[in-house]
Amino acid sequence: MNPTRSPRFTSAAPVVLAVAIVVALTMPMPSAAAATTDGLPCEANSANTFSLDAKAGYVSTPDGNSIYMWSYSSSTKAFQLPGPMLCVDSGVTVTVVLHNTLPEATSIVFPGQHHQRANGHPAQPQADTTGLTSLTDAAAPLTGSVTYTFTAGSPGTYLYESGTDVAKQREMGLSGALVVRPPGQPDHANGRADSAFDLNREYVYLLSEVDPDLHLAVERKRAFDVTKTKARYFFINGRSMPDTIAPTGAAWLPNQPYGSLVHLKPFVPGDPDSRPALVRYLNAGSVNYPFHPHGNDQRVITEDGQPVQGAGGSDASYDKFLIDIGPGQSADTLDQWVDAEHWNGETNPIPVPLPQLQDQIVGPGTETWFSENPYLGGQPGEVPAGVVRNNQCGEYYMVAHSHALEQATNYGASFGGMMTLVRIDPAAGCPS
Amino acid sequence: MLQRKLGEWWRRGAVRIAVLTVLVLTFAAVLTWRVQSSADAGKPYQVPQDRQLESSLGIRIAQAAVVADGGIVELRYTVLDGQKASKFQNDVHHPPVLRSERRKGDVYRAALMKQGHELRPGQTYYILYLNNGNAIRSGETLEVDAGGAKLQHVPVR
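Chains V and L supply the protein sequences, listed in that same order. Under full-length UniProt numbering, think of the first position of the first sequence as 1, with each following residue one higher. Under full-length UniProt numbering, think of the first position of the second sequence as 1, with each following residue one higher.
In case anyone wonders, no lab produced these hints; they're calculated from the structure. Here a beta-carbon is modelled for each residue, glycine too, at the ideal position from N, C-alpha and C. Just so you know, not all the hints are guaranteed correct.
[Stated by the list, open to error] Quick list of the computed label-pair ranges, beta carbon to beta carbon:
#, chain 1, residue 1, chain 2, residue 2, range
1, V, Asn200, L, Leu25, 53 to 61 Å
2, L, Arg120, V, Ala78, 28 to 36 Å
3, V, Thr76, L, Pro44, 19 to 27 Å
4, L, Glu143, V, Pro327, 14 to 22 Å
5, L, Val97, V, Thr133, 54 to 62 Å
6, V, Thr76, L, Pro48, 47 to 55 Å
7, V, Lys221, L, Ala28, 44 to 52 Å
8, L, Thr26, V, Gly295, 26 to 34 Å
9, L, Gln49, V, Pro327, 51 to 59 Å
Work out the full structure: start from the sequences and follow the hints.
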């Protein structure tokens, strides 16, 4: 030991060690990360080129089932449902290379996009002696591939989906969301100035359904009459309630990466930093999904990639409490919750009277959904047995679900299925 | 004189060494705990099983997870015995209580969600709780207190 350095070392070492202990204690825990749903998990790159594999895999449902699915996945990643959320700017040339690993031919159509080409020639419906075989050029089973190019259409939300044996392959899960943004204005839903939204509060609801009998038949290579499907599971982004409110990238849903919890703060009119959320609805199924966000209307601003406007560009957007999305359709809605009544936990708490017993019972069974917690805290009112009123930090929840209540079930057990929550934090935020 | 100085130097040095030793041991313990926590995060998810709880309630706890950006805790259970499980689910006066094993006094329960008339054996159902005061956190463990039985060390996803 060097005697001249020893005192300096011994006087500095405790400080260094104390700092090291503090740093070690305050380092974020890996398990606690990625717990929020902020922002859209886009797949995007400067070349606007995407490589997708059509492949088979399994998803899980909250009731413990495991279902064989087909879907599109990025070629460098594992199977996922639905396909990746592709984000591009309007007007750019987009290239999508499809690699087929499925046991039958498949393809991708891009409704609403311009100048669609397949392997360099105009994309065309395919036919053989039996009739139409595909709405566009298809990739051969197991090893085939097709390169599609198109010019991205007007800003909005679109499906990309199989154009081959559509009734079966759509049901099997071959679909995804294509988000087209106004060039240079990623924080606008369309070209209109009044379509501005908070980029950290952007969500896709890709709605679909599953008949597990069809999926089992395909897995076991048995015949199945697709005209006799009976949907038992109903998905938002490939998940059913309560998985819909699990984080995006939740470890227990490795093949279903996208959550659908909408997380807001009170909207402050006139504050340039306060912007609404944007919820992009897509129907990838075969029937209408009448989607109902409770407690707060949403403003429909874009339908099927077209701004809702009148002659001369006048604003024709409208508030809706039930967004009824038809098969293949899309709607973009602004979601803002205004604290119009100036709720205050101490001086003006939100009244939460105990509902009548019959109002606490919903559906064909004995289901209840009643949290009875006052927004912003404050003194709680009377609560039903078995329910208390404490929440994380004074936040408030509203249910959003398909109003066709059989679609809000997990194989008949309500509630579940096509249901999620809208969470509204106090204006000051919610400490974690 | 020299002996006194040497003795003083030795005493001061002994105190320094003692302080350093304590700090080094603390640092090592903290580091070990953090590394262990990280390793636990990558482990396969496994919920302990308790025969008493399962036989009295007819359910097996399958998962505890923090969802809704931290505001809600989901408790998932698989039905073993339909009749017992229905009784358990209908007992809204005594739903399971979840307690954090990391911090004291965090006893809470909240929004209760029931499903269906008859619970099917083998099928999984769930209850949602409001996460009172951020009591339950991902990466930690909790205790389920239900029907007089307790299930400890349930990992929270």
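Hints, one by one, checked against the model:
| no. | hint | verdict |
| --- | --- | --- |
| 1 | V:Asn200 / L:Leu25: 53 to 61 Å | violated, 43 Å |
| 2 | L:Arg120 / V:Ala78: 28 to 36 Å | holds, 31 Å |
| 3 | V:Thr76 / L:Pro44: 19 to 27 Å | holds, 25 Å |
| 4 | L:Glu143 / V:Pro327: 14 to 22 Å | violated, 47 Å |
| 5 | L:Val97 / V:Thr133: 54 to 62 Å | holds, 59 Å |
| 6 | V:Thr76 / L:Pro48: 47 to 55 Å | violated, 37 Å |
| 7 | V:Lys221 / L:Ala28: 44 to 52 Å | violated, 58 Å |
| 8 | L:Thr26 / V:Gly295: 26 to 34 Å | violated, 50 Å |
| 9 | L:Gln49 / V:Pro327: 51 to 59 Å | violated, 44 Å |
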